[in-house]
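Enquirer: Sequence:
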Amino acid sequence: MPRPKEFDREIAVKKAVQVFCDGSFEGTSTDDLLRGMGISRQSMYDTFGDKRALYLEALRHYITERVATQIRILSAGASALKGLEAALNAAALGGAQEGGSGCMGLGAISEFGQSDHEIASLIDTAERTLLSALKHRIEEGKSRG
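All residue numbers in the sequence shown are consecutive under the numbering used here, ending with 146.
Hint data in this document are derived by calculation from the structure and do not stem from the laboratory.
Computed from a predicted structure; not experimentally measured.
Positions of the beta carbon are idealized from the N, C-alpha and C atoms, including for glycine.
When the alpha-carbon atoms are kept at most 25 Å apart in a straight line, the in silico SDA-like pairs for lysine to any residue are as follows: (1) Lys136 x Thr70; (2) Lys16 x Gly37; (3) Lys52 x Asp33; (4) Lys15 x Ile124; (5) Lys15 x Arg61; (6) Lys15 x Glu119; (7) Lys16 x Asp32; (8) Lys52 x Arg42; (9) Lys15 x Arg36; (10) Lys15 x Ile72; (11) Lys15 x Leu57; (12) Lys143 x Ala92; (13) Lys136 x Ala121; (14) Lys52 x Ile64; (15) Lys15 x Ala92; (16) Lys16 x Thr65; (17) Lys16 x Gly28; (18) Lys83 x Glu141; (19) Lys16 x Phe113; (20) Lys143 x Ala81; (21) Lys136 x Arg61; (22) Lys52 x Ser111; (23) Lys83 x Leu131; (24) Lys83 x Leu132.
Computed Cβ-Cβ distance ranges for the label pairs, DEER-style: (25) Ser122 x Lys143: 27 to 33 Å; (26) Gly103 x Arg36: 14 to 20 Å; (27) Lys136 x Ser116: 25 to 31 Å; (28) Gly142 x Asp32: 46 to 52 Å; (29) Glu27 x Gly50: 17 to 23 Å; (30) His137 x Leu94: 22 to 28 Å; (31) Leu82 x Gly50: 42 to 48 Å; (32) Asp51 x Glu140: 39 to 45 Å.
Kindly produce the complete structure, drawing on both the sequences and the hints.
Expert: Here it is in structure tokens:
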């Protein structure tokens, strides 16, 4: 009978995001991840497979959270203009509020560009989703004058 997991997977992924934000895929060692996530090597491999699989899961989590937050801020403004202003301010201030950590999305683009199809697809989907929300909010504002 397998031992029950002694950690929360979602919390571990959030911690992995932070570790990857502080470094990069290549610049982050497995030992960095284990320390940052507070889990054992065997737990990491049993749960996530390998460093790349963990990176992909962390990147998916990061992108999902970031895009959802940006869309929420964009949509919350009393007007389209206020929503756009709030979203742009949040994007500009986001890095400063993270205490010096990098942006995992920009890090992935810088490190992999289009050379890794799976990562490029995640980034492209996020860009299309956010662009669609921006276009929708702008069109809403135009229709209201």
